[in-house]
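Going down the list, the sequences are from chains A and B.
With the working numbering as the guide, the letters of the first sequence map in order to residues 1 to 505.
With the working numbering as the guide, the letters of the second sequence map in order to residues 506 to 826.
Because the hints were derived from the structure by calculation, they are not lab data.
Since this is a predicted model, take the numbers as computed values, not measurements.
Note that beta-carbon positions come from the ideal geometry of N, C-alpha and C, so glycine has one too.
There could be a bad hint or two in this list.
[What the hints assert, rightly or not] Using C-beta positions, here's what the derived DEER-type ranges look like: (1) A:Leu-172 x B:Glu-732: 56 to 64 angstroms; (2) A:Leu-133 x B:Lys-719: 46 to 54 angstroms; (3) A:Gly-461 x B:Ala-778: 39 to 47 angstroms; (4) B:Gly-702 x A:Gly-474: 15 to 23 angstroms; (5) A:Val-484 x B:Glu-821: 28 to 36 angstroms; (6) A:Met-192 x B:Glu-583: 47 to 55 angstroms; (7) A:Leu-416 x B:Asp-803: 38 to 46 angstroms; (8) B:Asp-679 x A:Gly-460: 42 to 50 angstroms; (9) A:Met-192 x B:Ala-778: 39 to 47 angstroms; (10) B:Thr-586 x A:Gly-8: 32 to 40 angstroms.
[What the hints assert, rightly or not] The calculated lysine to aspartate or glutamate pairs, modelled on DMTMM-like cross-linking and capped at a C-alpha distance of 25 angstroms, are: (11) B:Lys-820 x A:Asp-187; (12) B:Lys-685 x A:Glu-432; (13) B:Lys-674 x B:Asp-781.
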Amino acid sequence: MELLSNLGLGFSVALTPLSLFLAVVGCFMGTIIGALPGLGPSNGVAILIPLSFSLGLDATSALVLLTSVYYGAMYGGRISSILLNIPGDEPALMTTLDGYPMAKAGRAGDALVLSGVASFVGGFFATIGLMVLAPLLARAAYFFGPSEYFALYLLAFTTLGGITSKNQAKALIAACIGLGIAMIGLDNTTGMPRFTFGNLHLMDGVDFLVAIVGLFAIAEVFFFIESHGLNSAIGVKVDKVTIPLRDIIKSGWTMARSTVIGFLAGVLPGAGASLGSFMAYAAEKSIAGPSGSFGKGDPRGIAAPEAGNNAAAAGALVPMLTLGVPGSGTTAVLLALLMTLNITPGPTLFADKPEVVWGLIASLFIANVVLLIMNVPMVKIFVKILSVPAWVLLPGVTMISFVGIYSLTGSYFDLLLMIAFGAAGYFLRKLEVPTVPIIMGILLGGHMEDSLRRSMVISGGDWTHLFNSSISIGLWVAAIGGLVAPLFLRRLVKRPVPHAMDLED
Amino acid sequence: MNFTRLLALGTSALISLGASQAMATECIAPANAGGGWDFTCRQVGKILYDLKLVPNPVQVTNMAGAGGGLAFSNVVNERNTDDDLIVAASSATTTRLAQNAFGGATADQVRFVGAIGADPGVIVVAKDSPWQNLTDMVEAIKADPASVTFAGGSAAGGFDHMKPLQILKKAGFDDVRAIKYIGVDGGADAITQTIGGHTQAMTGDMSEIIGFIKSGDVRVLAVMTNERVPGFEDIPTAKEQGFDVIAVNWRGLYVPKGISDDAFTMWASKLQAVADSAEWQEVMKSNGLAPFTLVGNDFQSWVDGVIAETTELSKEIGVIQ
Chain A
1 MELLSNLGLG
11 FSVALTPLSL
21 FLAVVGCFMG
31 TIIGALPGLG
41 PSNGVAILIP
51 LSFSLGLDAT
61 SALVLLTSVY
71 YGAMYGGRIS
81 SILLNIPGDE
91 PALMTTLDGY
101 PMAKAGRAGD
111 ALVLSGVASF
121 VGGFFATIGL
131 MVLAPLLARA
141 AYFFGPSEYF
151 ALYLLAFTTL
161 GGITSKNQAK
171 ALIAACIGLG
181 IAMIGLDNTT
191 GMPRFTFGNL
201 HLMDGVDFLV
211 AIVGLFAIAE
221 VFFFIESHGL
231 NSAIGVKVDK
241 VTIPLRDIIK
251 SGWTMARSTV
261 IGFLAGVLPG
271 AGASLGSFMA
281 YAAEKSIAGP
291 SGSFGKGDPR
301 GIAAPEAGNN
311 AAAAGALVPM
321 LTLGVPGSGT
331 TAVLLALLMT
341 LNITPGPTLF
351 ADKPEVVWGL
361 IASLFIANVV
371 LLIMNVPMVK
381 IFVKILSVPA
391 WVLLPGVTMI
401 SFVGIYSLTG
411 SYFDLLLMIA
421 FGAAGYFLRK
431 LEVPTVPIIM
441 GILLGGHMED
451 SLRRSMVISG
461 GDWTHLFNSS
471 ISIGLWVAAI
481 GGLVAPLFLR
491 RLVKRPVPHA
501 MDLED
Chain B
506 MNFTRLLALG
516 TSALISLGAS
526 QAMATECIAP
536 ANAGGGWDFT
546 CRQVGKILYD
556 LKLVPNPVQV
566 TNMAGAGGGL
576 AFSNVVNERN
586 TDDDLIVAAS
596 SATTTRLAQN
606 AFGGATADQV
616 RFVGAIGADP
626 GVIVVAKDSP
636 WQNLTDMVEA
646 IKADPASVTF
656 AGGSAAGGFD
666 HMKPLQILKK
676 AGFDDVRAIK
686 YIGVDGGADA
696 ITQTIGGHTQ
706 AMTGDMSEII
716 GFIKSGDVRV
726 LAVMTNERVP
736 GFEDIPTAKE
746 QGFDVIAVNW
756 RGLYVPKGIS
766 DDAFTMWASK
776 LQAVADSAEW
786 QEVMKSNGLA
796 PFTLVGNDFQ
806 SWVDGVIAET
816 TELSKEIGVI
826 Q
């Protein structure tokens, strides 16, 4: 009951006309920021912080605006993943795998609605999870030391093989390229720069947004030029937007499982939304086994990462609010906003400033409902933005990519790097090397290496430290299981039925 | 909704972020919005304008990269005579300069104009730790250095790493390389690792642990200031426990080297006025900063001393040759 009265307090703070207006504006802007390649949730929120100051918003209103943008961007990222095969931001990476094939098969509208619903399910139920479990889950972060994190990232990497089904060896090569890129920059454990060649611009390492925009958006431009617009991802048609009830019902359990996985991945500091969508996809793919058509446009392959990344977005707020530890890049920016508003997140925040916490939670619910309305019945608006003729759209995408990447650090160096990634992406695609594992390597490789090195510092080089708790042993078992199980499954199911999905559809 | 309008939106957001008005004072925060440097620029800039010390609102430019190195080289190479430019700095700036982490740039290429507050350094343990004071901790490390790991928010060799090393050196323990330290992603992460029992102690800034002090999850063994910090009078200083180490993460500014002495003195006195203002006192209180005002040439020579000390310690732990 206390929960309900707290929530009532939250809604009384968040349900004012001004807040509602800000929520609608924030959701709309967030969706667009998310949909545009190069502009992700973290720069969307960062750009809006000065705006919320100059508008003179109070703490709650500023929070409503920025969380709406945050959630909006999480929803919006999928639109360009599905329609252009360019992830709008890093958590939407996995959505390209099945979203674009589905759009190419003429079901773009279905894919958009399904992913919108999945985003809502993930976001909504994870917000309930945040509300009910936050004080309990705050302690979860205490159980994760370096060795546990290492095992967690290892688990993510062992399922990598399953992500791209065509050629495992090429996927492995791609992952290694990503891991190599992740090594660039200042090494935390020794304080030494690595592979920077004395260049200050490389000290912070390679930003994965630069890599994503280069490998996907800029590479797409090169393909477009080469083929004179034929054989390019740009220009998928969306005719009618209907509600694909069958797909939604069929992926119900997928959404439920992915919400749980995503939420838990979000709760752990450092992992964030990308890990949530990644692990949700990998889990669903292995559950579906050979009966699924993952990678070729399976609806569950869209529902899983979208439910997963939106759930992770809510989950990432748990350590931010209860410990002051940001669970992702965007929550780091939100944390900074709270500090500027003289609100210090930490173990006592729920008791000290209930109106802020519950106002935030209420505004998350409002944002989710607004976004569901915007992204399902009104999705055509956003589709229109992306379905202008290719000769208009492509220069626009290119321009926004440049603007977005430039706004990251304000340095031309990142633009050159982005173009280099674009050229690399073009050749890699010609060689049929998948680019998703490269991004995964960059995203997770640095964290994984840091965890291993920290664990070795603590134990003085004793590798048995990696199995020192039941959590890490459990994660190791799951990781090894994830690596070995497919081999056995393949033997059990002697002849996989590749076209099973076609029959069902 | 048309596409050009979107483009206009994106570009105008960028322009408002990046460009500065010709007449206005510019404050460069060498990091993204939200960090400590951004905080310094925004708060100092606001007070400068509120007190009418500058004619126009101060324009804050975020120039992130290389831990402040990009902004530093930009100021040195392109803005060396700009009177209307101030740049946010802190202990991290001088530590990196001392360790030659800015690609060959040196501290004497700019002028450090003043500090107007400081985040006191702290050594913190979980509430169930056997150590009640700094001496307990030092004895435990002397007995078995391998049994203790510190967690901090900076990379190895950074400011957080230096704090326990300085204390142990004062205690006569010279084998600083034997002291184990892991650099995690920020102070909150470091305190979480320590409460979780993965590391034995956390080294960081006061502002990073205020929430945990209030909740009673941690015990602060020492604060590394001259005197006890107002509002936290029950926390002993390292000095009074017999370890005379002052380590504060000061918040201040540097200006380009090429400006006139008059301009330098003018900025120093303006900064002094900000430090004395009631508004700044309020900001410090709500952000866990302790008073620490040092401007002009006094500050410059203090900075020089700190850099020399950091260079020496960095050589000992092998961060630099």
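Consistency of the hints with the structure:
1. A:Leu-172 x B:Glu-732: 56 to 64 angstroms: 59 angstroms, holds
2. A:Leu-133 x B:Lys-719: 46 to 54 angstroms: Violated: the Cβ-Cβ distance is about 22 angstroms, outside 46 to 54 angstroms.
3. A:Gly-461 x B:Ala-778: 39 to 47 angstroms: 54 angstroms, violated
4. B:Gly-702 x A:Gly-474: 15 to 23 angstroms: Because 18 angstroms falls inside the window, the suggested range holds.
5. A:Val-484 x B:Glu-821: 28 to 36 angstroms: Check failed, 48 angstroms falls outside 28 to 36 angstroms.
6. A:Met-192 x B:Glu-583: 47 to 55 angstroms: Given about 28 angstroms between the Cβ atoms, the range is violated.
7. A:Leu-416 x B:Asp-803: 38 to 46 angstroms: Taking Cβ atoms as reference, A:Leu-416 and B:Asp-803 lie about 43 angstroms apart, which means the hint holds.
8. B:Asp-679 x A:Gly-460: 42 to 50 angstroms: 20 angstroms, violated
9. A:Met-192 x B:Ala-778: 39 to 47 angstroms: Holds - the Cβ-Cβ distance for A:Met-192 and B:Ala-778, about 42 angstroms, lies within 39 to 47 angstroms.
10. B:Thr-586 x A:Gly-8: 32 to 40 angstroms: 60 angstroms, violated
11. B:Lys-820 x A:Asp-187: It holds: about 17 angstroms lies between the C-alpha atoms, which stays within 25 angstroms.
12. B:Lys-685 x A:Glu-432: 45 angstroms, violated
13. B:Lys-674 x B:Asp-781: With Cα atoms ~36 angstroms apart, B:Lys-674 and B:Asp-781 exceed 25 angstroms; violated.
Checked against the numbered hints above, the structure breaks hints 2, 3, 5, 6, 8, 10, 12 and 13 and satisfies the rest.
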